[in-house]
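Fit chain P to the known structure of chain Y by using the hints.
Number of protein chains: 2
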Amino acid sequence: MKIHVGPVAVPELEEAVRAAGAELGSAEEASALVWFGAGPERFAEFAHSGIEWVQLPAAGIESWVESGALRGGIRFTSAAGTYAETVAEHTLALMLAGTRQLHTMARAGRWEQPEGIRSLFGATVGILGAGGIGRALIRLLAPFGVRVLAVNRSGKPVDGADRTWAADDAEGVRELLTGSDFVVVAAPATAATAKLVDAGALALMKPDAWLVNVARGSLVDTDALVDALAAGRLGGAALDVTDPEPLPAGHPLFSEPRALVSPHTANPKSLLIPALARRVEENTRRYLAGEPLLGEVDPAAGY
Amino acid sequence: MKIHVGPVAVPELEEAVRAAGAELGSAEEASALVWFGAGPERFAEFAHSGIEWVQLPAAGIESWVESGALRGGIRFTSAAGTYAETVAEHTLALMLAGTRQLHTMARAGRWEQPEGIRSLFGATVGILGAGGIGRALIRLLAPFGVRVLAVNRSGKPVDGADRTWAADDAEGVRELLTGSDFVVVAAPATAATAKLVDAGALALMKPDAWLVNVARGSLVDTDALVDALAAGRLGGAALDVTDPEPLPAGHPLFSEPRALVSPHTANPKSLLIPALARRVEENTRRYLAGEPLLGEVDPAAGY
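Protein sequences, first through last, are from chains Y and P. Numbering of the first sequence is given in UniProt numbering, commencing with residue 1 and proceeding in unit increments. Numbering of the second sequence is given in UniProt numbering, commencing with residue 1 and proceeding in unit increments.
One chain only, chain Y, in its complex shape (with noise of 0.2 angstroms):
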């Protein structure tokens, strides 16, 4: 049972599957992959019947469900959860930023106090799509005495929060996005979450919430965000990923007095490999064993 790191060679996961026990190999000889520097179009080129379980690199894999390679007689394992504590920090640098209006510190160039300043003590924070990240989210925001609001697949109650519904629970998605001043977006992309953000939902949202989207750029309509920012329906938007993504040079978020746009730096090269070298070291480990894989992707799912 060789285990081959690739397309692209990192050391430290290299590494990693040494530290679990198991032994590196080529492409041809392995019976294990783990997947790093390529999307899912390169996939072709080193799946073989031998191959038994690809370890993803990232959290969100949708693009491995839309080209097809999920396919059966392989386990597919994402790196869910291995990033949600540093998503969640930068999603909390997101939120103090906001109602600290840093962002508009930041661009004044000179001492000008603006208006509105104002506090997470006593806020109430709604998290769609509560899972790993939620979760830390949750921990990152407990001194804070926040109010928590979260919607999840299942309706199952999330850990630290006052009020969990089905995301299928219209009444309760309606219930968070009026109650939040922050409305925090950590849903996988799926067809189902598509613009699950859109005017409809941003209308909904307190006239000084602030929108934060750490998932994908996909659940969030743009053009409808860009319109409710410009006519002051929303205290602000903090976004992390956009569609389209990179967002084009002179696009609206970019001069929006009420938009901080972070180019998809939430999991940032400099803190994923150490991350994700720990759950290459303990599913290989997993796999050794014959135990349950972290992350295992269900395909009908789609995450």
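Check the hints yourself; a few may be wrong.
Unchecked claim - In silico contact screen, one side only, chain P against chain Y (beta carbon under 8 angstroms); selected entries:
id, residue
1, Leu102
2, Met105
3, Ala106
4, Trp111
5, Ile117
6, Ser119
7, Ala249
8, Pro268
What the hints assert, rightly or not - Heads up, simulated EDC-like pairs for lysine to aspartate or glutamate below, C-alpha to C-alpha not over 16 angstroms straight-line:
id, chain 1, residue 1, chain 2, residue 2
9, Y, Lys206, Y, Glu175
10, Y, Lys195, Y, Glu62
11, P, Lys269, Y, Glu112
12, P, Lys195, P, Asp243
13, Y, Lys269, P, Glu112
14, P, Lys269, Y, Glu115
15, Y, Lys269, P, Glu115
Stated by the list, open to error - Cβ pair distances, simulated, as ranges:
id, chain 1, residue 1, chain 2, residue 2, range
16, P, Glu112, Y, Asp208, 28 to 34 angstroms
17, P, Asp162, Y, Ser270, 22 to 28 angstroms
18, Y, Glu245, P, Lys269, 37 to 43 angstroms
No lab work stands behind these hints, which were simulated from the structure alone. Ideal placement from N, C-alpha and C gives every residue a C-beta, glycine not left out.
Same frame as chain Y, but now just chain P:
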């Protein structure tokens, strides 16, 4: 025992006085003043031999110390501790913005991933002057599992800090400066803390460390900081207070890519009055009951 709120009357503060069971009155008939809306230069207009107690609205009261207004026979209380949570929140916002480079992204106006994004998880945070703000910050940092190094006046261990040194322990201060990924300045402005962070202190800091000042501008040597930033000898500086303050238009700190200046908004007006009202109510209650007051100023220490 009547209490006067002035020179500027603030309904929320008057309501706090009443809520504590005291009667409002003119300055002439009052035995206590809740001071708001002016500096010590107007105190002589209000002071008379019947005044026993003056509640000041700020946590930092160095202008009152310097003015000589803290005369014997009158008890003064500052608002120290009242704003600790909101200042700590702002401090965390600045730390996260710096480590995630949100200031760079806010200014970029295009999709460009900066280098060197880092994390608070596992970082070491040094707090120079770990009083109420420092303790509140430690509570907010707890979920990040940071290591906290603290310096305070007495050297008495600070809850949640891994090490605490006394301010006059030069070796301890050096250890904090050399070992911290973030150096947070939160000490009162006194003769002893003027230019506490000078060229020598900055030279001891890690080349990728951030300096965060939420105390007073006088505690940092601005010119030395500008030099260190320009030379790339620091990760960055996030300053809520500056020397001079306000920072004049065209000051190098406004154009320095590694710097983020918030214009003394750690305790913004929008959050100040409600917090001060709670303190006024509690101290009025204590005043009526003859109990020790919160934040009583020690004229010898200067805070």
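Hints and how they fare:
1. Leu102: holds (5 angstroms)
2. Met105: holds (5 angstroms)
3. Ala106: holds (4 angstroms)
4. Trp111: holds (4 angstroms)
5. Ile117: holds (4 angstroms)
6. Ser119: Check passed: Cβ of serine 119/P comes within 6 angstroms of chain Y, closer than 8 angstroms.
7. Ala249: holds (5 angstroms)
8. Pro268: Hint on proline 268/P: holds, closest Cβ of chain Y at ~4 angstroms, below 8 angstroms.
9. Lys206/Y <-> Glu175/Y: holds (11 angstroms)
10. Lys195/Y <-> Glu62/Y: holds (15 angstroms)
11. Lys269/P <-> Glu112/Y: holds (14 angstroms)
12. Lys195/P <-> Asp243/P: Holds, because 10 angstroms separates the two Cα atoms, which is no more than 16 angstroms.
13. Lys269/Y <-> Glu112/P: holds (14 angstroms)
14. Lys269/P <-> Glu115/Y: Between lysine 269/P and glutamate 115/Y the Cα gap is close to 9 angstroms, so the pair holds against 16 angstroms.
15. Lys269/Y <-> Glu115/P: Holds: lysine 269/Y and glutamate 115/P sit about 9 angstroms apart, inside 16 angstroms.
16. Glu112/P <-> Asp208/Y: 28 to 34 angstroms: Since the Cβ atoms of glutamate 112/P and aspartate 208/Y sit about 30 angstroms apart, the hinted range of 28 to 34 angstroms holds.
17. Asp162/P <-> Ser270/Y: 22 to 28 angstroms: holds (25 angstroms)
18. Glu245/Y <-> Lys269/P: 37 to 43 angstroms: holds (38 angstroms)
In this structure, every one of the numbered hints holds.
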